[in-house]
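Undergrad: Listed below are the residues making up each chain.
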Amino acid sequence: MKLYRSLIYRELKLTRKRGLLMLILFLLLALLMISPIFFGFFSMAVEGEDSPKDVIPIFVVTIALTGGILAGTNNGVQKADISSGWKRYSFILPPTARQQALSDLLTKLCYVLLFGFLSAAFAFIYTTIADYNNIAVMLNVYFGAVCATMLVDLAYSYIMMYANDKDQMKLIGILAFVGAGAIFKVFGLFPGFNKTEQTAEDGAMISEEAINRLEAVLCSGKTTLCLAAAFAVICVLFFLVMWRSHERREP
Amino acid sequence: MNDYVNAVEIKGVTKKYDGFTLDNISFDIPKGCIMGFIGQNGAGKTTTIRSMLHITNIDSGEIKLLGLDHIKDETEIKKRITVVFDELPFHDVFNARDMARIFEGMYPEWDNDAYLKYIKRFQLPEKKKIGQFSKGMKMKLQIACALSHNAELLVMDEATTGLDPVVRDEILHIFMEYMQNGERSILMSSHITSDLEKIADMVTFIDKGKILLTGYKDEIIEIHGILKCGKEKLAEIDDEDIVSIRTNNFGAEVMVNDRENAGCKYRDCVIDPASLDDIMLYYVHRDAKEWS
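Which chain is which? The protein sequence lines are X and Y, in order. In this text, residue positions in the first sequence follow UniProt numbering: the first is 1, and each later residue adds one. In this text, residue positions in the second sequence follow UniProt numbering: the first is 1, and each later residue adds one.
These aren't lab readings, by the way, just hints derived from the structure by calculation. One or more of the hints may lead you astray.
Said to hold, decoys possible - Partial pick of chain X residues on the chain Y-facing surface, computed with a CB cut under 7 Å:
#1 Tyr89
#2 Pro95
#3 Thr96
#4 Ala97
#5 Arg98
#6 Glu250
Claimed, not checked - Taking lysine-lysine pairs in the DSBU-like style, the calculated list, with each CA pair at most 35 Å apart, reads:
#7 Y:Lys198 with Y:Lys117
#8 Y:Lys127 with X:Lys170
#9 Y:Lys138 with X:Lys166
#10 Y:Lys127 with X:Lys13
#11 Y:Lys138 with X:Lys170
#12 Y:Lys217 with X:Lys79
#13 Y:Lys128 with X:Lys170
#14 Y:Lys217 with X:Lys2
#15 X:Lys170 with Y:Lys208
#16 X:Lys166 with Y:Lys129
#17 Y:Lys120 with Y:Lys228
#18 Y:Lys135 with X:Lys170
#19 X:Lys17 with Y:Lys128
#20 Y:Lys217 with Y:Lys198
#21 Y:Lys217 with X:Lys170
Ideal Cβ positions, reconstructed from N, Cα and C, are used throughout, including at glycine.
One chain only, chain Y, in its complex shape (with noise of 0.2 Å):
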């Protein structure tokens, strides 16, 4: 065990496609932080992940996970690490205990007790195949696998998305107990911002390949904001302070990326706060600067 500030550090990042650029791309996961990883789909987020995970070759950039780097170190690492991915990487034919003694002779740390603590409160069977589990039950299994060999590190890859609410609120719970000791750290990538709200301490957002904000969340939330006004007024608005406007029938409304520098310029205007879902929309937009 190696000691470490910082859970995953990412610097300088590039990876190119044809149509597709992972732009020199920086941001770090303190240790003990649930990161919320935001973008649209197609933004770079699954493609950032694969990079870090080596499921994929970077072009440049230097990427470390635990503090050690991501190639190099890569058979240690792997044992302190989990995935979880959006579909069930799980072959049809097994069913939850083929997969505990699969992962007992792969992972140092596995722990049975734990792993069917997981399957009993899940609800899930033991011994149906896998194949006939619905979504849901689908991604509960990945889950308890994942969280089943004291991983250090959790990332995400939008693992929530296609589940119902309920589902997805337990899953929230059952990470947020995870993190309990301080030790370990969640990288969840999703464009449902609703859940990153309920339980990320960071986020980042992508956009196009390049990283558009990275910081704590509630630093982030509260620096942005949503300035209500005419039309007219909006000749008013310093270019700099202004993310991007969205305008309808009814006047405008301007992201603003310093809310309590805008409330004293803008004295007449209403500046509401943004959620996180209100400053993705705004930056995804920011180039065409105005939009409905």
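Chain X extracted, bound-state conformation (with noise of 0.2 Å):
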């Protein structure tokens, strides 16, 4: 125990800055999210059919999006390690590749717990405040955020297993800017994924039977099954490739 402590330690003091910008850019969005309650926004009378309430579940998505974004992303731990020399240094140390991979796996947790814990808490002020009632769209759209997002992040972390300094770091990160590059460029060749040519005045891009799919998706307790059974295959490939990079020695 006290052994992942000081690992998780100094991983979280590691990225402690960028932890705490995330934060504050994330505190923002949900302020600017949550100023129309204390203006009255909707309490407002209105002509029609639509509802201010209407705009209540485009907010809810949108922190529970860039939450799990947030939590997802890339921490830059494997980064600043290969470039101060810890990952070298690492090598010498009692802790086993399981271990640091499993502190690894932790931290990740860590912050996926703080969004999600945050975006939780934004959607009850709206449940409590507004009478806005489906926390599973929240939680939905939270996973699928961070499922996503550590895909991305699991790629990148098996590419960088590669490097053992910073010459070979800027190597890799060229390589995948281009290698990322030509994978656009080759889905872009299939006919499904190119739709430049459609203009909004040849209608809706999207289809209203398309969004109430979409939302009956979103709103099923399934997808959130699905969701979580997904992120617990990508924490289990997380610490694998992870496992992986601290047992990895130097050529």
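Put the complex together from the two separate chains, hints included.
TA: Following this line, the structure appears as structure tokens:
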């Protein structure tokens, strides 16, 4: 336990500045999204079928999405460890590769919990003040965003595993950038991914039917279960990649 | 804790890179000894140390640290050894206190009092960020961390390079203190031979990935000598006595590998004692035989 406390302390301390910046960004956005409550926006009388409360799901989704992306994104520890020489130094320290990988995962989960809690608190404010009650949407969007961002982080961490020093890190960074560009280019060759010729004048780019379908998926408890399972799998994959990364010796 | 005779045993270790091979090297460091590991830049010192510490995998050979296999018993070994690199591998955002918090969970035998004593002795600020430390301060911090968990083997890779003589002397003095109980060993790689001359019990010379000499420092210094003579006299000196010859305008200086024997054989020549620096220099040029 003492060992994990040390390892996690190191990572949290190392990512403190970054974490603080992300937190400020998140709280500012949350404040912006909450401000309509203070201005009495939701109690305004409007004509027609539309209600001001229709925008609440958009706010909740935006916050959950932002929180999920911030929580799942790469925390820069791997890069910092290579730059400072700690990665090499860690080979002579007592913690095993497995223990270090577990600490990486636990640190990641700390951020997932923090931003998850804040996103839930945001949704809760709307639940109590503006009578909005659909926490499942928030959960699904949050976990969806965490899973998607962690998948990108997984790929990034796997590539970074091959860097032993600053120069190699730069080279790998450039190659990854070029590779990502090439992937987008390849995707653009498929007809389904290339709709730039369609304009707003042709009608709505997303049909109402599609929106309804998406809403049904986002509100579904099954989606929550699937995303929870996907999150668990991604966490295991993340652990395995980090394990391999800590285990891999220099050539 | 296991009982062992040699803190380090390296047998037939080979590691191949493009353009460089650590070629079948072998040497031992007996328990309680300070071993100086000498060689010019690129000779293979760092590769040997990295192989020893399993930072890199070896192609063949056997390495034992504290009597344990360096791969099979890696976890056990790492609790009982410590390493000081030429550059501080700690993040700039941490301070000395943070490092104590990080290491105290990692090392079962971490001694916070000892650490704080070293910090005070080195006059290092506890709350100042490492990024604002001078090179000397960084090295002192690394050494304070290295000496605070009762490690039995201390490995140093060019740790004193780039430090001023005062700091170097202070650090060497601390190493001597650390060795007092006779249970600890040090492997100190350096190309500053004056440091090793001060504290090393044994020395190992490495050049182009091959071990040239290994043994007790005093014996090595005693058996080697610099024979001074005129160039015309060189022909009379047996090849087997010569390591290499340095020529200049006034004559020649020959490194002989058996000073006593050479003293008897070449009575009309002066033989001066050789320093570790001289020995390294003459051995490095052994292939050229004659150099200036």
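Undergrad: Taking the hints in turn, state whether each one holds.
TA: Results of checking the hints against the structure:
1. Tyr89: holds (4 Å)
2. Pro95: Because about 6 Å separates X:Pro95 from the closest Cβ in chain Y, which is inside the 7 Å limit, the hint holds.
3. Thr96: holds (6 Å)
4. Ala97: At 10 Å from the nearest chain Y Cβ, X:Ala97 fails the 7 Å test, so the hint is violated.
5. Arg98: Check failed: Cβ of X:Arg98 comes no nearer than 10 Å to chain Y, outside 7 Å.
6. Glu250: The hint holds - X:Glu250 has a Cβ within 7 Å of chain Y, the shortest such distance being about 5 Å.
7. Y:Lys198 with Y:Lys117: OK: Y:Lys198 and Y:Lys117 at ~25 Å, within 35 Å.
8. Y:Lys127 with X:Lys170: With Cα atoms ~32 Å apart, Y:Lys127 and X:Lys170 stay inside 35 Å; holds.
9. Y:Lys138 with X:Lys166: holds (20 Å)
10. Y:Lys127 with X:Lys13: Roughly 14 Å between the alpha carbons, so the hint for Y:Lys127 and X:Lys13 holds.
11. Y:Lys138 with X:Lys170: holds (26 Å)
12. Y:Lys217 with X:Lys79: The given pair, whose Cα atoms are some 43 Å apart, is violated under the 35 Å limit.
13. Y:Lys128 with X:Lys170: Holds, at roughly 30 Å.
14. Y:Lys217 with X:Lys2: violated (43 Å)
15. X:Lys170 with Y:Lys208: This hinted pair holds, its Cα atoms lying about 30 Å apart.
16. X:Lys166 with Y:Lys129: Cα-Cα ~22 Å, so holds.
17. Y:Lys120 with Y:Lys228: violated (50 Å)
18. Y:Lys135 with X:Lys170: holds (25 Å)
19. X:Lys17 with Y:Lys128: With a Cα-Cα distance of about 17 Å, the restraint between X:Lys17 and Y:Lys128 holds, given a limit of 35 Å.
20. Y:Lys217 with Y:Lys198: holds (10 Å)
21. Y:Lys217 with X:Lys170: violated (44 Å)
The structure is inconsistent with the numbered hints 4, 5, 12, 14, 17 and 21, although it conforms to all the rest.
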